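Protein chains: 4
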Amino acid sequence: MTPMSNQDILDRLAAVLESRKLAHGGDPDRSYVARLFARGPDAFLKKIGEEATEVVMAAKDLDHSGDLQARERLIGEVADLWFHTLVALSHYGLQPSDVVAELERREGQGGLEEKALRKAQARESGQDR
Amino acid sequence: MTPMSNQDILDRLAAVLESRKLAHGGDPDRSYVARLFARGPDAFLKKIGEEATEVVMAAKDLDHSGDLQARERLIGEVADLWFHTLVALSHYGLQPSDVVAELERREGQGGLEEKALRKAQARESGQDR
Amino acid sequence: MTPMSNQDILDRLAAVLESRKLAHGGDPDRSYVARLFARGPDAFLKKIGEEATEVVMAAKDLDHSGDLQARERLIGEVADLWFHTLVALSHYGLQPSDVVAELERREGQGGLEEKALRKAQARESGQDR
Amino acid sequence: MTPMSNQDILDRLAAVLESRKLAHGGDPDRSYVARLFARGPDAFLKKIGEEATEVVMAAKDLDHSGDLQARERLIGEVADLWFHTLVALSHYGLQPSDVVAELERREGQGGLEEKALRKAQARESGQDR
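Chains as they are written, first to last, in the working numbering: chain Y, 1 to 129; chain W, 1 to 129; chain A, 1 to 129; chain B, 1 to 129.
None of these hints come from the bench; they were simulated from the model.
Just to be clear, a hint being listed does not mean it is correct.
A pair counts as met if it fits within one copy or between any two copies, since identical chains are not told apart.
[As the list claims (entries may be wrong)] Quick list of in silico lysine to aspartate or glutamate cross-link-like pairs, EDC-like style, CA-CA up to 16 Å: (1) Lys119 to Asp67; (2) Lys21 to Asp67; (3) Lys46 to Asp11; (4) Lys46 to Glu18; (5) Lys46 to Asp29; (6) Lys46 to Asp61; (7) Lys21 to Asp98; (8) Lys21 to Glu72; (9) Lys119 to Asp29; (10) Lys46 to Asp63; (11) Lys119 to Asp11; (12) Lys46 to Glu102; (13) Lys46 to Asp67.
Since this is a predicted model, take the numbers as computed values, not measurements.
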C-alpha cells in the first residue's frame, strides 16, 4: 500500500473544507470553517495576515533559541497559515493542486529563478529605503 | 511504473531548495533561492509578510471582479507565499511533510474544529475593537 | 488658546499607555492595554500584522466602492494600526516623537526620496517574480 | 513667534505628499512618492504589509538583543510603516489628523478600553487555534 503523498492529504483536506460550505450542509454553530465561510472573505483573509505574522515571530524566536519547542511552534504556525490559504482557495473555487501545479511549472522553467534573481540583484544595486 | 503525478511535488521542490544552500553548492549569483539563503532569515521572512499581503489584495480584487485573470493572479500569489514558507522551512531544517502531517493530525482530531469554534464564538460574544 | 497638534495628542496618548504598564498600576483585568503589556510583545506585535492586513482590506474596499462608510472604516483601521505601534513603542521605552523626528529628518534630507527612487527604478528594471 | 516645534510635522509631511501627486506636478522619475502614486494603490498597500512585518522582526530582535542599534532600527521601521500609511491616507484624500482625531475620540471614551478588554477576555476564555 502506498503512503499518501502531501498532495493527497492536501486534496483530502480541501474536500473536507468543501463539505463545510453552507451550501453543502456546513453548520457555522458546529464548525470553525463553516463559520469562516459564513462570515465571508474578510474573516479568513484577515487570518492570513495574522498567521503570516505569527510565522515570522516563531521563526525569529527559533533564530534566537533553536530549541525543539520553537521548531514545533514554527511548524504549527506554518500549518495555520497554509490552512487559512486553503480556506481562501476553497472559497474562490480553487484547489491545492492549482497552487502545487503553479509551483511545479515554475520549477520546470529553469529560467524563472534567474528572472527572480536579476530582479533581486537590480534591487540591491539601488539603495535601500 | 509510477506515474509522475504520484511523485510528491512539494518534496521534490524541497529537495531543490536544499540543493541551493551554500553548503551544497548553491550560488547566490546564479540562484534566487541561494541568494535568499545567503542574505539570511530576514530576507525570506520579510517576503512571507509581503506575499501574504499580496494574497489578500488579489483575493479582494477577485471578490470585486471575479474574472479569470484575477483567479490566475490569486493562484500565483498563494504559490509565492507557499514558496517562501518552503524556503523558511528548508532554512530551519524542516520538511513540507512536517506541515502537512500537522494539518492531517488536526483534521484527524475531530475536536480541533470545535476548539477553534468555541474560541471564535467567545470572541464574537465580546465586542469588537 | 492654541488647538492641540497631532504631536501633542500622540504624546498624551503615549502618557496614557505608560500609565497602563503593570509597574505603574495598570490592571490587566480592567484595561485592554494593561492586558497587552501583561501578555508580552507577541500579543501586540501580532496585532500589528493583523491590523496592517485590515488597513489593506479596507483600502481595497474603498478602491472598489468609494463610499463614505469605507472611508470611515479605513480611518478606523489606520487608527488601530497606529495604536498598536504606539503600544509597541511604549513597551520598548520609545516615544511617538522618536518616530515623528525620524520622519522629519528624512523629509529634511532632500536626497532621501531620490535614494528610495533609485532603488525602486532599479527594482523595476529587473524582472518581477 | 511660534517655535518650529509647534508646527505640526505630520501635517507638513502630508502637504509634501500632496505636492507629489501627478495632478500637482509630482514627477515619478524624480520622486519616490510620485512613483508610488503613479503605480497605484497596490504599490503602497503592499509596502504597508511589508513594513508591518519589518516592524515585527525589528521588535523581536530588540527583545533578544536590547542594544541601541536595534532600538534605532525599530524606530526606522515604524517610521517606514507610518510613512506608507500617510501615502495611503493622502491617496484616499484623508489627513493624518483624521486618524489622530479618531485616536483621541477613543481615548476620550473611557468605555472603549473596556469594550476591547471584554472582547479580549472573551477570546481567551475560548481556546486558541
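Against the structure, the hints come out as follows:
1. Proximity of lysine 119 and aspartate 67 under a CA criterion of 16 Å is satisfied in neither setting, with 35 Å inside one chain copy and 28 Å between copies.
2. For the identical chains of this complex, lysine 21 and aspartate 67 are neighbours neither inside a copy (39 Å) nor across copies (22 Å), given an alpha-carbon limit of 16 Å.
3. In this assembly of identical chains, lysine 46 and aspartate 11 lie within 16 Å of each other by CA distance neither inside one copy nor across copies; the values are 23 Å within and 29 Å between.
4. Taking the shortest Cα distances, lysine 46 and glutamate 18 never come within 16 Å of each other, neither inside one copy (20 Å) nor across copies (29 Å).
5. Taking CA atoms no more than 16 Å apart as the test, lysine 46 paired with aspartate 29 passes in neither setting, with 20 Å inside one copy and 27 Å between copies.
6. Within a single copy, lysine 46 and aspartate 61 get their C-alpha atoms only as close as 23 Å, which misses the 16 Å cut-off; across copies the closest is 14 Å, which meets it.
7. Taking the closest pair of Cα atoms, lysine 21 and aspartate 98 never come within 16 Å of each other, the shortest separation being 20 Å inside a single copy and 27 Å across copies.
8. When the C-alpha separation of lysine 21 and glutamate 72 is checked against a cutoff of 16 Å, the pair qualifies neither within a copy, at 30 Å, nor between copies, at 22 Å.
9. With identical chains, the CA atoms of lysine 119 and aspartate 29 are at most 16 Å apart between copies only, with a shortest distance of 12 Å across copies and 48 Å within one.
10. Within a single copy, lysine 46 and aspartate 63 get their C-alpha atoms only as close as 26 Å, which misses the 16 Å cut-off; across copies the closest is 14 Å, which meets it.
11. Proximity of lysine 119 and aspartate 11 under a CA criterion of 16 Å is satisfied in neither setting, with 34 Å inside one chain copy and 27 Å between copies.
12. Taking CA atoms no more than 16 Å apart as the test, lysine 46 paired with glutamate 102 passes in neither setting, with 24 Å inside one copy and 22 Å between copies.
13. For a Cα distance limit of 16 Å, the shortest separation of lysine 46 from aspartate 67 qualifies neither inside one copy, at 30 Å, nor across copies, at 22 Å.
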